[in-house]
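Colleague: Got chain A sorted already, so can you dock chain B onto it with the hints?
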Amino acid sequence: MNRELLATFIEEANEGFPILEENLLALEDSPEDQELINAIFRTVHSLKGSAGLIGLGVLGDFLHHMEELLHKVRSRQVEVTTELINVLLQGTDAAREMVARIDAGEELEVGKAERVVENLIKSFQAPTGGKRLFQIELRPSPQTFTTGADPLMLIGELAEMGELTAVDVQTDDLPTLEELDPYRLYLGWSLELRTEQDLQRVKDVFIFVQADPDASVTITPLEEAAVKAKTPLASRLLEHSVRVPTTKLDALMNQVGQLVIARARMVDAVLGAAAASPEVMGALEDLDQGIRDLQDLVMSTRMVPVATIFNRFPRIVRELALDRGKEVRLELKGSDTELDKTVVERLMDPITHMLRNAVDHGIEPPGARRLAEKEPIGTITLHAYQKEGSIVLEVVDDGAGIDPNRVKEAALKKGLIDEGTALKEEEMLQLLFLPGFSTAGKVTDISGRGVGLDVVKENINQLRGSIEILSSPGMGTTFRILLPLTLAILDGMVIRLGAERFVIPLSAIVEFIWPDPKDLKRLGPDASLLRLRGEYVPVLSLARLFNLSSRDDNSLLVLVQDGSRRFCLAVDDILGQQQIVIKSLRDNYRHVDGLAGATILGDGGVAMIVDVSSLSRLILRGVGQ
Amino acid sequence: MADRVEQGQFMTFQVAEEEFGIDVMRVQELIRYQKPSRIPNAPKAINGVINFRGHIIPVIDMRRKFNFEPGKYDEFSVIIVLDVKDKIMGLLVDRVLDIVPIVKEDVQGTLDFQREFDAEYLCGVGKVGEQLVFLLDPDELLSQRELGDLEEAHGEFDP
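So the sequence lines, in the order shown, correspond to chains A and B.
Residue numbers for the first sequence, in the working numbering: 1445 to 2069.
Residue numbers for the second sequence, in the working numbering: 665 to 823.
Chain A with its partners taken away, still in its complex shape:
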């Protein structure tokens, strides 16, 4: 089997299944939507065709059964019910599993699960009526071969539907051998099909052929009055696109990163020279603009809409709710918001986790909701939007909410904070993200809310994002995630600590402070408190944390924030703002606590990038101790 074709098919299938699932779920809500049924049909039909094309017969057969069932739905022989949707979802799962097995290089056989689903599907199929005869004139596009289609497959499909009583090849257009272009299709066919299927079913075979304006297909039922073909079926939306492996995009992104560094070095060098001529400056500006445009363009190729994962959640929530005996409606907002592909993929787990939390602990059972005079069906909203160079993702439920004081009590009991720790209500809620919050088991009925939230925060931090939780008891809970648009490049502030330079991500910086010494209160060797506009903010000595010699007198502080948590970092000097390319320290060394990586500055030197959220964890642990 051709490996490349197989890889393409697996990719196609993995893109197709979520769409299928989404459409099936949508169909459940609007069973009369013919467009949806058509879309579902098209997806299955196209997957079946591709599976057949690369010789995955077992999968092809399986999808064929689904297609038959869908056909019945389409011609209204089978009604859209929850059972039907379940069967089709199970079918989708089974097909997905088969694809996964193919992907893993395993042999395919019609296993038990598949047989069950297959039987279910078959059970919905009504007995068929008498046989009919159709006359089919098929004239595929001369360019057919370049699209990868094979007319023989169409004829094979017809043969499976019944009996081909006549097959005539039209060779009128066939040129002489010298003029023959082997990539061109010169043939047409006249076919006679005797089948139990109806006209619509026969037409469905040619669904993609008809989408091609150069092709013609006429199907005439011979035993009925000739029926004029209705408007052609909605053609598949074909965007002109090329599949590119993500490794190539990554390499491209890296290369642009090098260019950004080179640009910065160039700017430094030119500005350092005594008198740069206006020509040089002009050329430099052009170069600058060009690189910025290129960077934006390359970045945009990596962007995908969050819909690619959002669409999987209705299914997950539906099943969770069924399982837990709750009634939940999931609303998706801003599905077309675009994010870096790597980020989107890595959001799947954390969002699933938060949705599970919302269904499990947020949304009350229908009875409790009625008592609280709420709508019996709970609503969870998944909302994505762009805000000031960041992407915001919110998981909002209208459930019972969380009482911050009870979170604090639980944290006290688990020894995560001290008795005297003064916390604002918002800060109490953030304790839920502390590792170890949930490990003590069900001490209180809210302890379940903490399950794995530290892992969620970790996942988000790794994407250079931040997460916070907002809640009002009785009204519901909101998880708000802030993410950078891209992972590869960030706007940073270069600072000096002793002889070393560090970069603090600009997105984390609130302000620079030259404090009055009387506003500073030393707490220990590594930490102080700063009184800032009536509030106390922890101050962290980066130099001590990183074992570097520096002035270390807290005369210059950078106020940073991680989610709703704010703290100061003591630095020696501010060197300037710069766009930097993030490099992993792991490539040639290893991970270093407190650092998000390193970067190459304009002069070719290396600076470490400070990871504000991992420092924030240190502070959170250190507070009150």
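Keep in mind that the hints were calculated from the coordinates and are not lab data.
Built from N, CA and C at the ideal position, the CB exists for glycine as well.
Be careful, since some hints might not be right.
Stated by the list, open to error - Capping the alpha-carbon separation at 25 Å, the derived lysine-lysine pairs in PhoX-like fashion look like this: (1) B:Lys768 with B:Lys749; (2) A:Lys1692 with B:Lys751; (3) B:Lys749 with A:Lys1692; (4) A:Lys1858 with A:Lys1868.
To be verified - Listed next, with one range per pair, are the computed distances between beta-carbon atoms: (5) B:Asn731 with A:Asp1712: 35 to 41 Å; (6) B:Arg696 with A:Tyr1627: 54 to 60 Å; (7) A:Gly2049 with B:Ala680: 38 to 44 Å; (8) A:Asp1712 with B:Ile695: 43 to 49 Å.
Modeller: Same frame as chain A, now just chain B:
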């Protein structure tokens, strides 16, 4: 031990008063000493990281690595850039001496006075004329132990 040595061309270099050798095929490039940027809380032998043509690579100070007296970095100080497994790293040495062929017969596998150094970084002692050369095993230079064996669960993200 001797069987770890492939006979062939070795690059020899000097650290303190001793002469070392390393398989020349493993050497990617020699670069003039540049001051590395310090990595917070790094092992003692790691001098810091430098920018090697867009890669950020750690530099091992061989004097510190082998517990010699700290030396001055001068115009002869060289960073030998090596390929080690799937990583790139630099060795900071006092000076590079020569490239010499060493045949198997001239390599002695076991040595008594290896206690001074950590023997696991060596793959033998070669003889060049009357001079003894400690042959380094580049794959062991920055062992997991050296790297702290820390791939913590919460880590930086590799873009």
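Colleague: Are the hints correct? Go through all of them and say.
Modeller: Hints, one by one, checked against the model:
no., hint, result
1, B:Lys768 with B:Lys749, "24 Å, holds"
2, A:Lys1692 with B:Lys751, "21 Å, holds"
3, B:Lys749 with A:Lys1692, "24 Å, holds"
4, A:Lys1858 with A:Lys1868, "19 Å, holds"
5, B:Asn731 with A:Asp1712: 35 to 41 Å, "39 Å, holds"
6, B:Arg696 with A:Tyr1627: 54 to 60 Å, "59 Å, holds"
7, A:Gly2049 with B:Ala680: 38 to 44 Å, "28 Å, violated"
8, A:Asp1712 with B:Ile695: 43 to 49 Å, "21 Å, violated"
Violated hints, listed in ascending order, are 7, 8; each of the other numbered hints is respected by the structure.
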